[in-house]
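The listed protein sequences correspond, in order, to chains A and B. If you're matching positions, the first sequence starts at 335 in this note's numbering and goes up one per residue. If you're matching positions, the second sequence starts at 335 in this note's numbering and goes up one per residue.
Misleading hints may appear alongside valid ones.
Identical copies look the same in the list; a pair holds intra-copy or inter-copy alike.
[Claimed, not checked] Computed list of lysine-lysine pairs in DSS-like fashion (alpha-carbon distance at most 25 Å, straight line):
1) K1069 with K1215
2) K1083 with K974
3) K506 with K786
4) K741 with K1224
5) K1224 with K489
6) K705 with K571
7) K795 with K1205
8) K541 with K1216
9) K428 with K786
10) K774 with K703
11) K1055 with K781
12) K1216 with K568
13) K886 with K1069
14) K506 with K795
15) K428 with K1216
16) K1169 with K568
17) K1216 with K487
18) K1216 with K795
19) K571 with K1216
20) K1083 with K960
21) K508 with K795
22) K1069 with K741
23) K1169 with K920
Quick caveat, the hints were computed from the structure, so don't treat them as lab data.
There are 2 protein chains.
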Amino acid sequence: MSQDRKYAAVSLCPKSQDILTLDAGGHPYQPGVCFQDGIRRVDYVLTYNVKKSCRALRPSLSITANGFFRRLRRSLQCCTGQPSGANRDSAVEKAALDQQEEEKRLLRDEFEDNLREMGLELEKDEHSKIPGVGFLKIHAPWDVLCREAEFLKLKMPTKEVYQATSRSKMVKLKGFIEDLTKPLLPDVEESRTHNPKHVCYPFSREKQHLFDLSDRENFFDTKTRGLIVFEVLKRTKCMSSEDDVGFPSLLAKGIYTSAYPLHDGDVDDEAPTPNDRKILYNEWASYSSFYKFQPIGLVRKYFGDKIGLYFAWLGLYTQMLIFASVVGVLVFLYGCITVDHDIPSMEICDKRNNITMCPMCDRACGYWKLKMACGTARASHLFDNTATVLFSVFMALWASAFMENWKRKQMRLNYKWDLATFEEEEESLKDHPRADYENKVKEKILKRIEKKPHKETKTVKLTWRDRCPAYITFTVSMLLMFFVSLAIVLAIVIYRVTTQAALQMSTVSTARSNVRLTVVSTAVIINLVVILILDEVYAKVAVWLTQLEVPKTDTSYEQRLIIKTFILKFLNSFSPIFYVAFMRGKLIGRPGKYLYVLGLYRMEECAHTGCLMELCIQLSITMLGKQLIQNNLFEIGIPKLKKLIKRFKSKREAGQQDPFSGNLRRYEKDHFLEPFGSLNPEYMEMIIQYGFVTLFVASFPLAPVFALLNNVLEIRLDAKKFIAELRRPVPARAKDIGIWYNILSGLSKVAIVVNAFVIAFTSDFIPRLVYQYGYSPDGTMHGFINHTLSYFNVTHFEPNTDPLQPFHLGYQVNVCRFKDYRLAPWSKTPYEVSKIYWAVLAARLAFVIIFQNVVMLMSDFVDWVVPDIPKEVTIRIYEEKKQMVEFFLKEEQCKTQSLPNIAPEGDRDQSNNQAYPQRL
Amino acid sequence: MSQDRKYAAVSLCPKSQDILTLDAGGHPYQPGVCFQDGIRRVDYVLTYNVKKSCRALRPSLSITANGFFRRLRRSLQCCTGQPSGANRDSAVEKAALDQQEEEKRLLRDEFEDNLREMGLELEKDEHSKIPGVGFLKIHAPWDVLCREAEFLKLKMPTKEVYQATSRSKMVKLKGFIEDLTKPLLPDVEESRTHNPKHVCYPFSREKQHLFDLSDRENFFDTKTRGLIVFEVLKRTKCMSSEDDVGFPSLLAKGIYTSAYPLHDGDVDDEAPTPNDRKILYNEWASYSSFYKFQPIGLVRKYFGDKIGLYFAWLGLYTQMLIFASVVGVLVFLYGCITVDHDIPSMEICDKRNNITMCPMCDRACGYWKLKMACGTARASHLFDNTATVLFSVFMALWASAFMENWKRKQMRLNYKWDLATFEEEEESLKDHPRADYENKVKEKILKRIEKKPHKETKTVKLTWRDRCPAYITFTVSMLLMFFVSLAIVLAIVIYRVTTQAALQMSTVSTARSNVRLTVVSTAVIINLVVILILDEVYAKVAVWLTQLEVPKTDTSYEQRLIIKTFILKFLNSFSPIFYVAFMRGKLIGRPGKYLYVLGLYRMEECAHTGCLMELCIQLSITMLGKQLIQNNLFEIGIPKLKKLIKRFKSKREAGQQDPFSGNLRRYEKDHFLEPFGSLNPEYMEMIIQYGFVTLFVASFPLAPVFALLNNVLEIRLDAKKFIAELRRPVPARAKDIGIWYNILSGLSKVAIVVNAFVIAFTSDFIPRLVYQYGYSPDGTMHGFINHTLSYFNVTHFEPNTDPLQPFHLGYQVNVCRFKDYRLAPWSKTPYEVSKIYWAVLAARLAFVIIFQNVVMLMSDFVDWVVPDIPKEVTIRIYEEKKQMVEFFLKEEQCKTQSLPNIAPEGDRDQSNNQAYPQRL
């Protein structure tokens, strides 16, 4: 028995008979990767708290390194019982604590016995270098691996190799493209050679002869081993206590503190053949390879399908952003080039146009000259021109092209990684209920027994009645959050209005000329800070709300959490933007009769040439700020700062080397890494960004560029985090990105409508069109500005609304102008909205209908024309299956030929056949 | 060998040793079901023309019966060479014909040899009762059945039985519903008992012991046998001629004239245990069971999956129509009840309102009183009220509920019929190219060889270049058809306008008062006739266009044909309706300046209270007419008429019995039935009806009722046709209704937009709302009519446009009114569109946007909330799979236990394992 074990572990634990064996360079050679015997590999590690004498620890406390200071202190606290003081009752408490500890130990013992019964091999290490933490190392022997692989229907490579025959014609082109993209490929095995694909087949012990078992110790790679042990852990239960306790409950109750599979090795390992982790660290997780493709196959091999799919998706999204960025920049350049030929802004800036505008507010503001709006008018043109309309059509098509592309990419990966037949539906049925759910059900049973002790308890489920309070809380909180968002928008509006009024009254002319920009920018920055804070708050709220609902399975929990988080974060990020786009400047009244909020503050107006400019500022600052601060500051800056502080400290402490740095065992090192939470925050960040890129793209064509720049960094940043800073996640199986796809496609649909409204209502595109084709005397834009301005007779100011300084401009003003379509003071119904107003409104609405339906039709057309499964994949799947069947038959024939011809006889006995002739 | 054959055929060919054996009642007992030996069943029949002495035929010519007169004559013509005359060169021609016949015979011989090589057994009958027709009867023996079943991965029932455990709680409710619906169930086996389901598994000869082979001759039912022979036929090729000729080519070239599997028996068979065909005829295809559910399982068992799915779909659609009908009738009743309280129509009918209206046309027409429009105003209210708006929201939701329900039903059937894992993608790859395609490819190869004789010919495909002419023809024809439809619409408009003008000038007052109704109705009836004729023309055009494209496979051919036919038929049926809904009465000009088409005909106006009434007439007549004429006249009337004529004739010919009626053999009887074409016309009819039900439902709430009545008939009608009048179709495998689902869901989406526009633009709903909330002095509808009427000063009539009889009403008219929002004659810009016009237009457009987006959101929500796969099916599939695996393991154990323990040893030899301990 031990012989084959040695064989199995030979390459994984090469010479680890002694744990601290050093290799040639004097570096320790992966200690802790194997059991004490140096043979059996550690596939999984559970940790738990152990009570220990605390004295041995003290000296090393100050030499805390590698960012595990906090955790160390926590374990110390546990060790001493209380941090300090409160000596009264401490003996009693200690006894209680001891008893509790004892109970935990008993449960652990039982659980471990059960694990052994399942065939796992265990080894304990309670005297590790980390005081107070016990390690339970788990090894899955060959039989267990085989059994579980069969049970999980894991697809393993067979001996058969499938080489896709490349189809004529395109070979040359393909070769050319390959040569071209060579420098973009990462320097890993999979991109260097076109390995033929091993045909995979669900592993079965009875069909072992089909599989290539020559390299038996590497047949199941480290990822798969981790997965298998994890599945065994999930199935194992403690039965002794009054109710079954599953592994999730054990973790939740703190009986075990953490559970993780081991990383493959160190990222700075200097072995001649680098481990996968090191390869990934060098070729994937480094900023210097930002321009390269990701080694997505290796990522999947190391982290599993789910994380592989995430990075594949992120990669595709980033690639697709390149197209959007190029077009976006072109659109922006078009705006820059044409700004000097734009007739409306030329008219505004024209000094000969001596138009006196009405005051922007009652009393405090004075009359002003239209040419003062020259700057903002020119700036507006950059984002508000014909090209932007085309660009938002383009982006809608881009979005559906992206979705289609992803579907196809996903199918390709499904084929390449053999995920296609993995059935999630069934998986979810097998899913173990969550610990919370089990507890809740137990409570319910207890209650029921109290009420009707004689009635037998059937299978008890949580129904909607049990969840009713949670749903009510959910609805109430959602409404609350909605109003919080509204309140924040309002608060910022008030800030803007008051500051603007204050600045406008100031006497410094430079301050006054830049009033708008200053006010808008500061307001947006305040808004940004609020958004960032609320983002964290809302994340917590979403978790709390989901826990209240007590979903049954992990899948359900995740889905509900995602939806809640998405709604809240979306609300948070986009409500100010929606306000600027659609509410602001729409209900302002007219000079002398401005609308007031709460009787105090005037409703805001937009700049003279539409709100698009301000929407653009709002969008760019929110988006850039969120990305810069959340990504760069939170994700890069703070860890860097921590490291700096740590280095500074350790230098000050002693000149000697950090005692923990080198000779920690593998599982101890991994213990100091952050545990892997979930992919959801990463996805969420990207989805919100996708919202910024698509939803208001009509007003901010540079959004894709900023998103692209961010994502190029983001990929490497995430990679670094996964490789170097997190414990290795248990590889989750998945065949698609799940609910995120639905959210994405929902966002794409909403984006079409939102863009239609932005172009129609926020930009001046429609009024310009209406003027040019409906009212312009010569079919050009000349006279547009005059057309959009209504007249106001200054004698019609109501008491206390006329400006304080009527001679501010140096002359008597009789009639001033304001931007709106209203009837002239000399008409029968002065200041009523005019016919043109309604005509323009109808044109705006008609544009929305046409835009929405045409673009949706085009998207649907793209969706319909592009097949979801690439043709070549269909063919390959088909060919591979055919080859598989042939291979099977061949193997079966080999097998039956080597056997005496008994089996068919037996077969014939069973079916009551009457000697049918076997003519074929 | 012959012994087991006898066994195999024992129940199918009970005592048919002699073909004309009579049973107890003196009726022949299924002669022709078996070969001459009375043992082997005829699974498939091919027919071909044989040259025969023609003399024997003559006498029977006049006794043609059962509608095969034409076919008989055709075979006679073939027999005599030419119908008559043209004796010159006849000898030469005859020789050529003989040679051709000889070639055909040789090809047939080769093909038959190949069939025999494939294992099929053949028998010829060239001396049947039908002169000139030879029959090739095909029997598939057991080995062939098994081999092909394995190849086709046919799922066959295993010994294992799965009994779904019913989940608590709902049992009582379920039982109650079952009791309630008992009288609605058809009287067939499947609905009487809840048979547990046999677990099915793809048939494999190696795993025969898993299947229940006790009743071996019925293991493969007649449907499956037909399918299997058909698949063998498709694969078999003639190789001797210069190029391979597949079976489709043989059929296309007339080497075989037809191919069909046999029906199970006669519908009036009087055997004690009725055959499936008779059961279906009595329980399904009879009008008396119109209120019952369909025995859908039996239908599928007899006709195969595809036809089963069609009838299941039709059944569900009809069931869903019940809800829509009930609500539709309620909405109509609401209109009827509220008509007396409708203020606008009360105002029109009020005699005190003495409003003089402007003439409806130039010169010829006179002034008229508004109260003359009283009748149409009241009628309009029936369809144009608040309830209709709600009804069209309801119908949009109904449509998405229907789609969801169908998805679920389909999943249920997929589970019940074990279709779930049948993979169409792969199927399409295996599909044989069509004969046309093969010919075209051959031509291409020949051309290429001519050009470059030395270049080797690789696999040649038809590329888009070869198809370019076809695509151009397609585009041109489509445009042509589009213009034809437009022209027809225009022609009918002109008919209406001229007739109306003519009638309006008539002096008979009753004719004049009913002018509108008369004109509209006659025009619609003419339109209907044109539509019916064009429907047939377009069907032919679609086939022609598709054949031009030379699609590669049958699947592709079918898809392209369906899309083309759908577009053309949709255009044909709906273009006049779209015209009435959205074009008519929109651009009419104003009195004195009416718009003219082609300088001659005035653009049509609608009735005073909106076009909805006329849309309703147009819709109802088109829909009812199409259904009545196409279904009842074409599908019931004409066959009935044929039968009557036939009976009349045969009675006149002789008092003796029809020599063909009783003692025809089974395959001869089936030969006289019409060949089965495809399901597409049936689907198409229903889809166009679905269009009528959903697209303009806002204007015609009774559409669902009429559709329901039609469909109740339609189901039985189709059933009768399939059972009694068509040859048995080769059972096609399918797991969904394919492209029809996409068309349906596309129509549902379009329906939302169309209904939004109908309510906004065709009905008076929005103007009423705008008046009530924007202009009404007291918030009621009083004064609405006055509000919608503009003033016209009769002195402003341009020369030659003023009415000929200005004193027609008995008094001098100075100012008349017309329905439009225009400025008064005394304003600065008389007769310009007024502000109200634009406001109403904006409101209409806003309504479209809101309606479309809200309803779409609701539909998507329904789609998202209802899971596509019913929970219970997911559970059952899972449980069944689990049970299946257990059953497999059990069977395997049984097998291995009965074997000496050699297999594992052999297994172990193959994998190079080093004696691992088998600890688990």
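Taking the hints in turn, this is what the structure says about them:
{"no.": "1", "hint": "K1069 with K1215", "in the structure": "both (19 Å within a copy, 21 Å between copies)"}
{"no.": "2", "hint": "K1083 with K974", "in the structure": "neither (40 Å within a copy, 53 Å between copies)"}
{"no.": "3", "hint": "K506 with K786", "in the structure": "between (79 Å within a copy, 23 Å between copies)"}
{"no.": "4", "hint": "K741 with K1224", "in the structure": "neither (36 Å within a copy, 41 Å between copies)"}
{"no.": "5", "hint": "K1224 with K489", "in the structure": "both (20 Å within a copy, 24 Å between copies)"}
{"no.": "6", "hint": "K705 with K571", "in the structure": "neither (79 Å within a copy, 86 Å between copies)"}
{"no.": "7", "hint": "K795 with K1205", "in the structure": "between (46 Å within a copy, 16 Å between copies)"}
{"no.": "8", "hint": "K541 with K1216", "in the structure": "both (18 Å within a copy, 20 Å between copies)"}
{"no.": "9", "hint": "K428 with K786", "in the structure": "neither (40 Å within a copy, 98 Å between copies)"}
{"no.": "10", "hint": "K774 with K703", "in the structure": "neither (70 Å within a copy, 77 Å between copies)"}
{"no.": "11", "hint": "K1055 with K781", "in the structure": "neither (46 Å within a copy, 63 Å between copies)"}
{"no.": "12", "hint": "K1216 with K568", "in the structure": "between (37 Å within a copy, 20 Å between copies)"}
{"no.": "13", "hint": "K886 with K1069", "in the structure": "within (22 Å within a copy, 33 Å between copies)"}
{"no.": "14", "hint": "K506 with K795", "in the structure": "between (62 Å within a copy, 19 Å between copies)"}
{"no.": "15", "hint": "K428 with K1216", "in the structure": "neither (69 Å within a copy, 51 Å between copies)"}
{"no.": "16", "hint": "K1169 with K568", "in the structure": "neither (71 Å within a copy, 72 Å between copies)"}
{"no.": "17", "hint": "K1216 with K487", "in the structure": "both (20 Å within a copy, 13 Å between copies)"}
{"no.": "18", "hint": "K1216 with K795", "in the structure": "between (46 Å within a copy, 23 Å between copies)"}
{"no.": "19", "hint": "K571 with K1216", "in the structure": "between (43 Å within a copy, 22 Å between copies)"}
{"no.": "20", "hint": "K1083 with K960", "in the structure": "within (24 Å within a copy, 38 Å between copies)"}
{"no.": "21", "hint": "K508 with K795", "in the structure": "between (57 Å within a copy, 21 Å between copies)"}
{"no.": "22", "hint": "K1069 with K741", "in the structure": "both (11 Å within a copy, 22 Å between copies)"}
{"no.": "23", "hint": "K1169 with K920", "in the structure": "both (17 Å within a copy, 20 Å between copies)"}
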